[in-house]
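S.K.: Work out the full structure, taking the sequences as your base and the hints as a guide.
Just so you know, the sequences run in chain order A and B. Per the working numbering, the very first residue in the first sequence carries number 1; after that it's consecutive. Per the working numbering, the very first residue in the second sequence carries number 1; after that it's consecutive.
These aren't lab readings, by the way, just hints derived from the structure by calculation. All C-beta atoms, glycine included, are put in the ideal place defined by N, C-alpha and C. Keep in mind that the hints are not guaranteed to be accurate.
To be verified - Cβ pair distances, simulated, as ranges:
#: 1; chain 1: B; residue 1: Gly572; chain 2: A; residue 2: Ala314; range: 41 to 49 Å
#: 2; chain 1: A; residue 1: Leu132; chain 2: B; residue 2: Thr488; range: 39 to 47 Å
#: 3; chain 1: A; residue 1: Val155; chain 2: B; residue 2: Asp602; range: 57 to 65 Å
#: 4; chain 1: B; residue 1: Asp602; chain 2: A; residue 2: Val20; range: 54 to 62 Å
Now for the letters of each chain:
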Amino acid sequence: MNDMTPIKTTPKDWETDQEVRWCPGCGDYAILKAVQRTMPEIGGTPENTVFVSGIGCSSRFPYYMETYGFHTIHGRAPAVATGVKLANPDLDVWVISGDGDALSIGGNHTMHMLRRNLDCQFLLFNNEIYGLTKGQYSPTSREGTRSPSTPFGSVDHPTKPCAFALGAGARFVARAIDVSKQLVDVLKSAHAHRGTAFVEIFQNCIVYNADVFAGFTEKANRDHQLWLENGKPMLFAGDTKGIALDVASLSLKVVDVVDGNWEAAGVLVHDVTNCTVAHMLVEMPFGEFPMALGVLYDDPRPTFDSAVFEQNAAVTKGKLPNLQKLISTGQTWTVDA
Amino acid sequence: MATAARIDAPDNASPLQSSEAVVVRFAGDSGDGMQLTGGQFTLSSALAGNDFATFPDFPAEIRAPLGTLFGVSAFQINFGSTEIETAGDAPDVLVAMNPAALKTNVKDLKPGGLIIADSGEFTARNLAKAEYDANPLEDDSLGKWQLIQFNISQLTLDAVKPFGLGNKEALRCKNMWTLGLSLWMFDRDRQPIIDWLKDKFAKNPVLADANIAALNAGHAYGETAEIGQPGMVAIPQRHVSAAPVEPGLYRTITGADAVAYGLVAGCQLADVKMFFGGYPITPASSILHALSRLKEYGVMTFQAEDEIAAIASAIGASYAGQLGVTSSSGPGIALKTEAIGLAVMTELPLVIVNSQRGGPSTGLPTKTEQSDLYQAVYGRNGDTPLPVIAARSPSDAFDCAIEAVRIATQFMTPVILLTDGYIANAAEPWKVPDMSTYQPFPVTFLDHVPEGGFKPYGRDNKLARPWVKPGTPGLRHRIGGIEKQVDTGHINYSPENHQAMTDLRKNKVDGVADHIPDQDVCLGTTSGKLALVGWGSTFGPIHQAVRRARAKGMDVSHIHLRHIWPMPKNLGELLKSYDTVIVPEMNTGQLKTVLRDQYLVDAKPLNKVSGQPFRIAEIEAAIEEALG
Numbered sequence: 001m002n003d004m005t006p007i008k009t010t011p012k013d014w015e016t017d018q019e020v021r022w023c024p025g026c027g028d029y030a031i032l033k034a035v036q037r038t039m040p041e042i043g044g045t046p047e048n049t050v051f052v053s054g055i056g057c058s059s060r061f062p063y064y065m066e067t068y069g070f071h072t073i074h075g076r077a078p079a080v081a082t083g084v085k086l087a088n089p090d091l092d093v094w095v096i097s098g099d100g101d102a103l104s105i106g107g108n109h110t111m112h113m114l115r116r117n118l119d120c121q122f123l124l125f126n127n128e129i130y131g132l133t134k135g136q137y138s139p140t141s142r143e144g145t146r147s148p149s150t151p152f153g154s155v156d157h158p159t160k161p162c163a164f165a166l167g168a169g170a171r172f173v174a175r176a177i178d179v180s181k182q183l184v185d186v187l188k189s190a191h192a193h194r195g196t197a198f199v200e201i202f203q204n205c206i207v208y209n210a211d212v213f214a215g216f217t218e219k220a221n222r223d224h225q226l227w228l229e230n231g232k233p234m235l236f237a238g239d240t241k242g243i244a245l246d247v248a249s250l251s252l253k254v255v256d257v258v259d260g261n262w263e264a265a266g267v268l269v270h271d272v273t274n275c276t277v278a279h280m281l282v283e284m285p286f287g288e289f290p291m292a293l294g295v296l297y298d299d300p301r302p303t304f305d306s307a308v309f310e311q312n313a314a315v316t317k318g319k320l321p322n323l324q325k326l327i328s329t330g331q332t333w334t335v336d337a
Numbered sequence: 001m002a003t004a005a006r007i008d009a010p011d012n013a014s015p016l017q018s019s020e021a022v023v024v025r026f027a028g029d030s031g032d033g034m035q036l037t038g039g040q041f042t043l044s045s046a047l048a049g050n051d052f053a054t055f056p057d058f059p060a061e062i063r064a065p066l067g068t069l070f071g072v073s074a075f076q077i078n079f080g081s082t083e084i085e086t087a088g089d090a091p092d093v094l095v096a097m098n099p100a101a102l103k104t105n106v107k108d109l110k111p112g113g114l115i116i117a118d119s120g121e122f123t124a125r126n127l128a129k130a131e132y133d134a135n136p137l138e139d140d141s142l143g144k145w146q147l148i149q150f151n152i153s154q155l156t157l158d159a160v161k162p163f164g165l166g167n168k169e170a171l172r173c174k175n176m177w178t179l180g181l182s183l184w185m186f187d188r189d190r191q192p193i194i195d196w197l198k199d200k201f202a203k204n205p206v207l208a209d210a211n212i213a214a215l216n217a218g219h220a221y222g223e224t225a226e227i228g229q230p231g232m233v234a235i236p237q238r239h240v241s242a243a244p245v246e247p248g249l250y251r252t253i254t255g256a257d258a259v260a261y262g263l264v265a266g267c268q269l270a271d272v273k274m275f276f277g278g279y280p281i282t283p284a285s286s287i288l289h290a291l292s293r294l295k296e297y298g299v300m301t302f303q304a305e306d307e308i309a310a311i312a313s314a315i316g317a318s319y320a321g322q323l324g325v326t327s328s329s330g331p332g333i334a335l336k337t338e339a340i341g342l343a344v345m346t347e348l349p350l351v352i353v354n355s356q357r358g359g360p361s362t363g364l365p366t367k368t369e370q371s372d373l374y375q376a377v378y379g380r381n382g383d384t385p386l387p388v389i390a391a392r393s394p395s396d397a398f399d400c401a402i403e404a405v406r407i408a409t410q411f412m413t414p415v416i417l418l419t420d421g422y423i424a425n426a427a428e429p430w431k432v433p434d435m436s437t438y439q440p441f442p443v444t445f446l447d448h449v450p451e452g453g454f455k456p457y458g459r460d461n462k463l464a465r466p467w468v469k470p471g472t473p474g475l476r477h478r479i480g481g482i483e484k485q486v487d488t489g490h491i492n493y494s495p496e497n498h499q500a501m502t503d504l505r506k507n508k509v510d511g512v513a514d515h516i517p518d519q520d521v522c523l524g525t526t527s528g529k530l531a532l533v534g535w536g537s538t539f540g541p542i543h544q545a546v547r548r549a550r551a552k553g554m555d556v557s558h559i560h561l562r563h564i565w566p567m568p569k570n571l572g573e574l575l576k577s578y579d580t581v582i583v584p585e586m587n588t589g590q591l592k593t594v595l596r597d598q599y600l601v602d603a604k605p606l607n608k609v610s611g612q613p614f615r616i617a618e619i620e621a622a623i624e625e626a627l628g
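M.R.: The following block contains the structure:
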């Protein structure tokens, strides 16, 4: 049924006839465009692609992708996607979620999808606010966030999506910005990874939390972006600064790079398979440190679906289903006529 | 009749007393292996050709503190030479392995019934734990029953001495000693149990030998006591003849296994693969366990992180073209409720099995109840109709599971299948059906653009929408929980559309009534003075009570519903043809309320919510009162 021969598509082929209903200026538009640009580049086939979402602004996404799509219920997209993938592993499954959907009501499912390593792409649109319910603070909102439900400022400590993902056992963790030109490349890397590819996308909610990421997304603040590339030194601010390891405290530090001599400054070279450094990168306090972006961690291991199918194939090898025989076994006896 | 033990006149030439039916209850500490003893005794009853029904009754605690009242585990079996439909009202024989087991069970024993007690366990400490001031084996407090006591613990230790087991391990063989004695009492063959023990302890032959020695010693005790050895108590022996049943191959089956096999059979008949998403919960886990071993039947099982993920993954699988199935008990079904609504809205096939237990909240996890009928029929937000069917017995659960699959796949709807803790755990003989006699109902996946264009929410003559596997070219579409536009399935909030879609969803489910059998009267006549209308596991006691009342000449009939929603089309007329309708239920009157609402009949409740099944006598009394 599933003809996997790659066909040539254009971004237009991935657009539905449905009117897109996000607020004008919402970061979701940029993400939608980036995904629609990514699909032809990865050789995707629309009918073999499924977008599964939960509830929230981001979760309207499947209606706008000319693929198969399932807009499910709040927080449960990872679980629905698990059923989709196990029922048909040939499908290319994308899960679309937000900070409230994935980390609050659906935190449990997100954790377990990552731990199991289901082969799919998990895009978390993080805008640090509940948009669709009109602006309550979310599990990623910073302390002191004033919102309708926290008029005097929130008092609880936010979670860091990428740290959560690594803690749950994710084998691919990446970060990008809704409007960044690198988003397509990050999505392509995510798709190339076999297993759950977790991508946190900083998404600007222009109505309820505008410019909350301006500290590194604004043009003037681009020096605060650290774009990571495998095998390349961790340089930022026009290569004038870098990230080095402070051996004495076993922590990262920002060092100045003079005349491009990053080696002399002890700048680390990004190794996407280094989980320890990935943990340190996602924990860097912003301000003192830049925002680490790009593919932070990419170290595949066998996926849940492949393990399930391997075991099923092994235990059913040579066994022919015979229902009549099955129901005729156990504690049986015959009553003669 | 099931509980009317009849002992033949003493002038019977046979030294054995003969009984039509006997109820035996094995009761002991939860570590004493009573469920195992009961299970093996059940097997021996089956092999002896008896009809039987069993009722395991065990505590919610896995290992309750030793010797306590709440740690008592019991297994009751009713076996006989006539048709048996319940586990029996009151036991004829109670085997009590300790004071707590005696205290919690003796009040149920028939007057004149037999108590077999392990006197070795009636120590001061155990008596205190069971809150006995004095040893009941030594005063006359058990005067209205026959009491046989001996030190089973010591006799077991003596029997297994040659095997060099530790004291604790040796005492674990007590249940086999007791089983050996029980086999002697009912004139049973030991060999199948010996074979089973050898198989069970294949990796530890010493334990196998010790258990077999204990079994043989118990059996020998009965034999030698009979010939009047000094210091030994003679034990009455009874013979229960084989029940006359239809010829064929039989097996014992629990409701949980029957549901699992029925789901597999249903999926074969529907020609779809099954995806089962489950989360452990008592008493439903056994369905997950059973299906996990059936992968070669095209069954994928997935133990999810919670009840919600269990159903959500099943819905995902249904969307992807397999039949999603999930199973739980009341509290878990509550958690799945929002997702059931999604399956209704997206019109995907899904089977939800609820093995009901005592509620509300955590309630009585190991006890049986029928109190989730409202939850099944009404318990969702919005106008969210779905078909509900209920199994009446362990073996009936097989056909009900097939029926659930049929309705789900033919009508593109979630279906709830109700069983309960009693059905799930109880074993009964089942005449193995011939699968070639079942009519297949293969599903058709839409795989091409039909004439007039593809409509994801278009309808067939049963109002079912097409089932499309993602991956199919030309049929890409998006579904979700937001209200769908008629035909196109696009998001649509318009008032007219919501009214139209609400009506469509209702009409589709109502239309299931056109594709189910008319309601039959399973015992009695299609009109008359009194009808007892039941559903689920109350079948046995209602049927026996009606049978007894009819034998006394009373005008009473038994109607038992499989289809709870929608109900069979003739049901309203049928109910109105009786002067009185009584609805016995293990809840506070849920089916009664639905019947009153649907048909404006003056259905009267007969309720029991104690975590225990109805006794036949309780229903008989209600019949007599109504017709008195």
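S.K.: Give a verdict on every hint.
M.R.: Verification of the hints:
no. : hint                            : verdict
1   : Gly572/B - Ala314/A: 41 to 49 Å : 55 Å, violated
2   : Leu132/A - Thr488/B: 39 to 47 Å : 23 Å, violated
3   : Val155/A - Asp602/B: 57 to 65 Å : 59 Å, holds
4   : Asp602/B - Val20/A: 54 to 62 Å  : 58 Å, holds
Checked against the numbered hints given earlier, this structure breaks hints 1 and 2; the rest are met.
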